[in-house]
Amino acid sequence: MAIRLIYLASILASLVPRTFAQSCPAFTPSIPVLGPLADSEAITAAAANLTAAFDQFLTSGVFPLDGNAFSIEFWSVADNGPLFTYHWTAPDLQNNTEGVTSVDSDTLYRVASITKVFTVYTFLVNAGIQVWNDPITQYVPELAQAANATENASDVDVIRWDQVTIGSLASHLAGVSREVWGASRSEEQMVAFGFPPTPALNGSYYEAIPGLFFPADRQAFFNNILVRHPIVSPNHAPVYSNLAFQLLAYALENITSSPFEDLVSEALAEISLNSTTYTVPENFDTGIIPIDANTSWYGVDSGPYKPGGAIYSTINDLRTFGISILNSSVLTKAQTEWWLKPTTFVPDTYTIIGAPWEIVPYPPTSRFPTRLYTKSGGVGLYSSRWGLVPDYNVGFTILGAGVASSVAVVVISDLVTEIFIPAVQAAAAEQAATLMAGTYSDPSGALQATVILDTNNSTNGSVLTLDSLVYNGTDLLGLVGLYLGVNTSQVIVTANLYPTGLVAQGAGPNGTDLASWRVSFAYALVDSTSDPVSQLLASFAGPFSQQCGGWGNVDGLTYGPTALDEVLFSVDPDTGEALGFEVRFLQSGLLGKAVDADNAKARRAKRSEMVLIDESLVMTKVCRSHRMLKNGMDLATEIELSLNL
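The sequence shown lines up with residues -21 to -1, 1 to 624 when you count with mature numbering (1 follows the signal peptide of the UniProt record, and there is no 0).
Check each hint, because a few of them may be wrong.
[To be verified] Each pair of labels, with its calculated beta carbon distance range:
| no. | residue 1 | residue 2 | range |
| --- | --- | --- | --- |
| 1 | G535 | D83 | 51 to 61 Å |
| 2 | H215 | F523 | 41 to 51 Å |
| 3 | Y185 | E261 | 15 to 25 Å |
| 4 | V170 | G480 | 52 to 62 Å |
| 5 | D553 | N306 | 16 to 26 Å |
| 6 | S345 | A248 | 18 to 28 Å |
| 7 | N127 | F174 | 31 to 41 Å |
| 8 | A248 | A425 | 54 to 64 Å |
[To be verified] Below, computed lysine to any residue pairings styled on SDA-like, alpha-carbon distance capped at 25 Å:
| no. | residue 1 | residue 2 |
| --- | --- | --- |
| 9 | K285 | L180 |
| 10 | K312 | N112 |
| 11 | K285 | Y185 |
Read the hints as simulated data drawn from the structure, not as lab findings. We put the CB at the ideal spot given by N, CA and C, even for glycine.
Turn these sequences into a full structure, and let the hints guide you.
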């Protein structure tokens, strides 16, 4: 039996590394933004490149841009302001008789479906998340009555309103219609062509624009939607819906006993969005209005679409709104982080759905993408896209007006993303190299930890790495490998660092902040991918064998009550520089920053010939087999003697 164990352990130890050569981040981002970005060379270059790209795009003549205008901004929480701003107004708009003749950061645009973010935000501010899973019938009596009256009706004919929740409405999962049914003159033309006549509208309606009629009151709204058929059953799949947000508004009015319009106005005022308005502006002086207010929809009352598309705003206000969300200035941090998460998926892997986020991975084909929490909008001659990037506490706003704005906003969105997201990542890496990397030691110099910026990480780009941890000449990372059950004569332990987002402000020495990070242990060994056995195994590799398990191993091993992967940085709150570092299971306290980490390059060069193995794939039976095969003293005793404790 012992021989079989030895044989099995040796086979597994040799095969697993060859097949699963990857290091898995436990969290994103690998490196956060540590301070203001405006002075970064990468950001300066990105701004210049984006300006040149826009100049070329908007003057190339490829798009018919007469009568169009755009306002674009990329901003940063750390800078509390824009990193890039660009405005463009077609020359012919200088003859406008309504609204502005040139756009700037205070120009009002209709932002259409970006309104949905404001509606969900207003709901969370006033009702929290505790009602998220409640059925809508609990708060909207018309729907409760409909659910009771249609209990025995067919599933293809009626919506099961008692199965529709607040959260499913906010996430496009209710299965309800996209729009209200509004009679239009085009329907009259269809009847003239021989189509059957449509039913008469039931209730009070108004003509929003010539030939299009919307429900004028609550009764007409419910008369309208309750004759619609379901699209899918609740929570089956996301189907975009504008009218769902009117139902959210009605529910919130019931919960708070206040008009929804008042609740939105109060939410806007609380964060000083002084230009943003939920209703058609009283005067059009600050708006951009292509052609005229009716044709462009600038002056059109959205009626039942208000909670899903009524907002007018500026890039200044939308920046303020984004910074407020990312700073959790009104919502709690827990509520914000809960909100900035996916809810469901569409068939397209380039889009994930939230409440009401349209989450875009960038790069879209990357295994470890940065996720952009965006919302697009379009109504009349207005198009827009607004986004938050929680990984880096940055965001962007793209507002367009004009006949070509819908196509142009897509192109502009691509340009902003392709140029600025890599620049932010590069700037974050610059900051990490300057502020975090270094050698940290105790006063005697006996215990030293060296943190470097690894810019060639095989999995997810730049990452901070605990390059060495030495006590009286003993390689503690090697001892950690022994503790993990790894054969350290063949394997070198690598320790990549990832921020948890937990910060104790002012809790460190001299008022410094204590920032919690975690280590993702991986194992570097000689690459033997040319071996026939490795090639055979690689040919069998599939979705399960290639899964990353970093998230499942956090806090997985302890030394006493403290996890082996827990470290702290002591950070100057004014400069963002790390002044101390602690590996908490060593109980050494904070080590002070001593020297630069450049002397670690030789060690890193040695490791560059090796491949990384995900901790989760080694910390299984292979590790346990190594432990069983070790002879002599137990590992705890070996570590203790090596440390001379």
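How the hints compare with the structure:
1. G535 / D83: 51 to 61 Å: holds (54 Å)
2. H215 / F523: 41 to 51 Å: violated (26 Å)
3. Y185 / E261: 15 to 25 Å: holds (19 Å)
4. V170 / G480: 52 to 62 Å: holds (60 Å)
5. D553 / N306: 16 to 26 Å: Once the Cβ atoms are compared, 18 Å apart, the range 16 to 26 Å for N306 and D553 holds.
6. S345 / A248: 18 to 28 Å: violated (40 Å)
7. N127 / F174: 31 to 41 Å: holds (34 Å)
8. A248 / A425: 54 to 64 Å: holds (59 Å)
9. K285 / L180: Holds, because 21 Å separates the two Cα atoms, which is no more than 25 Å.
10. K312 / N112: It holds: about 20 Å lies between the C-alpha atoms, which stays within 25 Å.
11. K285 / Y185: At roughly 15 Å apart (the allowed maximum being 25 Å), Y185 and K285 satisfy the hint.
Hints 2 and 6, counting from the list given before, are not met by this structure.
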